[in-house]
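Chains as they are written, first to last, in the numbering used here: chain A, 1 to 318; chain B, 1 to 239.
Keep in mind that the hints were calculated from the coordinates and are not lab data. These numbers come from a predicted model, not from an experiment. Note that beta-carbon positions come from the ideal geometry of N, C-alpha and C, so glycine has one too. Keep in mind that a hint or two might mislead.
To be verified - Residues from chain B that keep clear of chain A, each with C-beta distances beyond 10 Å, as calculated:
id, residue
1, L42
2, V46
3, G80
4, L84
5, F100
6, L102
7, G142
8, R151
9, V152
10, L192
11, G209
12, L215
13, A221
14, V231
15, T234
Claimed, not checked - Covered, in the sense of this in silico footprint (three residues per stretch, anywhere, with C-beta under 8 Å from a C-beta of chain B), are these stretches of chain A:
id, stretch
16, 85-91
17, 95-106
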Amino acid sequence: MSRAAEIVFDRVTKRYAARGAPALNELSLEIPAGTFCVLVGPSGSGKTTALKLVNRLVPFEDGDIRIDGRSVRDLPAVELRRGIGYVIQQIGLFPHMTVADNVATVPRLLGWPQPRTRERVAELLELVGLEHGDAGRYPSQLSGGQRQRVGLARALAADPPVLLMDEPFGALDPITRARLQQEVRRLHRAVAKTVLFVTHDVDEAIMMGDRIAILREGGVLAQYGTPDAILASPADDFVAEFVGEDRALRRLALHRVGELELDSLDVTVNAPRVAATMTVRNAVSLMLLTDNDGVVVVGDDDAARGILRLEHVKGLLR
Amino acid sequence: MTVAGGPVIPNFGKGSPCVTGNHAFCWGWVREHWGDTLQPRLVEHVELTLIAVGIGFAIAFALALLTHRVRRVEHLIGLGAALLYTIPSLAIFQILVPFFGLTTTTVEIPLVGYSLVILYPNIVAGLRAAPPDVLEAARAMGFRRRQVLARVELPLAVPAIIGGLRIAVVSTVSIATIAAFLGEKGLGYPILLALKEPTPFRTEIYSAGLLVVALALTCDAILVLLRRALVPWTRVGNT
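Same shape as in the complex, but just chain A (with noise of 0.2 Å):
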C-alpha cells in the first residue's frame, strides 16, 4: 500500500538571524527510500531545524533539499506538506474535533470523497492500536499514550512517502515510551516508508533507527551510519562520548546469539541455556552472573544449536 522516497540534504546552512553562529552548517545526508534515520544530538546540534526545513515549516535558502531527486522548493510549501507526515512532541490535536476528524484531516484537505476517507480512518485506527469506539471520543478523553497514537494515524492517513517525527515519545511515561517506540519500529516494517526521527537520546536513536545522524553543537554532522558501525568505530571523541563508555555493551544489545558462531556441543560442559533470539548482551550477563565463560544456545524447538563463549563475543566486537 505504500511508497516510500529517498530525502538527500545538500549542502543545508540555515542561520536563523542574518549574522550570527549558523543552527545547521553544511549539512550533507544521503537517506535512501524506506529507511528510519534518527537525527540525534545535544541541545543546540539543529536537529529540528533540519527536520522542520524539509517540509519548509522553518525556511531556508543555503543548499537544497530533494524528494526523490525533487527540490522540496520545487512546490508550493501547502501542497509539499500534505505529502508528508509530521509528528510531534507536543502532539497538536485538534482540540475541539473528534479522533475520527483529527485523523481525517489530511484526507479531507487532499478533497478524498467521504467513503475513502472513512475507510482510511478506520484503517489507521485498527493500525495504531486505538479501539473502533474511541473515533468519535475527544482528545481530551484520551490519555498520553492514546493521543500520540492518534498523531500518528493523522500523520500516516494520506500514506505519504515521507514521515517526520519531533521527539514524538518525549512527553510519554517510561512504559508509554517504550511500548509506543517498539510499535513505531513495527510499523515502519509494515508500511515501508522513510522516517525522519528526531531525539536528544541516544538509547533511543540506537533502537529505532536503521541509521543515526549524530549532530554535534552548531549544527555540524559528526558521524553518519549505522547504529553498529558508529558503536563499534565512533568518528571522533564528541561521538564517542556522545554513545557513551558503555558503547560495546550497546553493540552487543544490537546482536542475538543466533546471528554468531557457535562452537559444537561438548556434552559435559554444565552452562546456561539461552534462546537463539537472545541479545548477545544479556548473554554476557548471564556468563557473569553464573560464573560461566559460555552459554547453551538453543533453537526454537528447544534443541540446543551450539555453545557461544565469551572468546565469540570479543570476536563480534573487535
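Please build the complex by placing chain B on the supplied structure of chain A, with the hints as guidance.
Same frame as chain A, now just chain B:
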C-alpha cells in the same frame, strides 16, 4: 398619608386602593397595563439590545480579525475603545442630538460603542486561544492561512466569544434604559415616568425594573445553551 377617595397619582388615577395608596407592588395594575405600558416597552427594549449587540459584534469581529492579521493596530483600537467607554452616555446624547435628533440612532450609537468595547478584547483573546502546537500541526499538515482561521482558530475562539457576548448583552440590557431620556423607548421609559410623579409610583418602577432583570437573565441563559451546543468538546470530562 393619602386623602380619602382622591387619587394621589393623577395619571394612574382611577386605580384600586393599592394604586392610589402607592403600595409596594400592585399586581392588578401590572395585569391591567401590561398591554399598553409594559409589553410594548419590553419589545422595544429587546430591539434596542439586539441592534446594539448585533452591530457592536459585527464591528468588533471585523476589528478583531484585522488585529489578528496586523498586531500593531491592537493598541490603537484598544485606546479608542477605552476612550469611548469613559464618555458618559448623557454627554454623548448631548453631542449626537443636534445631528440625529431624538431618534433610535442617537440611542444606538453609544450602546453599540459599549458592546463593542466589551466584545473586541474577548474576540481578540479568543482568536489567540489556539495552542501553538496545534497551530504548528495545522501548518505542517498543509492548511492555508484562511483554513487555519476557519477550521482551527475560530472554532477554538467560540468559548471566549460567547463569554464576551454574555457580558455585552447583560450590560446592554441594563444600559439601554437610558433610551428613555430621548423619548418613549424601552423599559427605562415607564421608570422615568413613574419617577416624575410627585410621589414616585412604586409598582411601575418595580415591574419595569424586574422586567429588565428578567430579560438580562433570559438572554444570558440562551447564550449559555448556545455555548453548550457549539462547544461540545469542553463538556466531556477526562477519563
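The hints, checked one at a time:
no.	hint	verdict
1	L42	37 Å, holds
2	V46	32 Å, holds
3	G80	32 Å, holds
4	L84	33 Å, holds
5	F100	43 Å, holds
6	L102	47 Å, holds
7	G142	4 Å, violated
8	R151	8 Å, violated
9	V152	6 Å, violated
10	L192	46 Å, holds
11	G209	40 Å, holds
12	L215	31 Å, holds
13	A221	24 Å, holds
14	V231	8 Å, violated
15	T234	8 Å, violated
16	85-91	holds (count 4)
17	95-106	holds (count 5)
Violation of the numbered hints given earlier is confined to hints 7, 8, 9, 14, 15; the remaining hints are satisfied by the structure.
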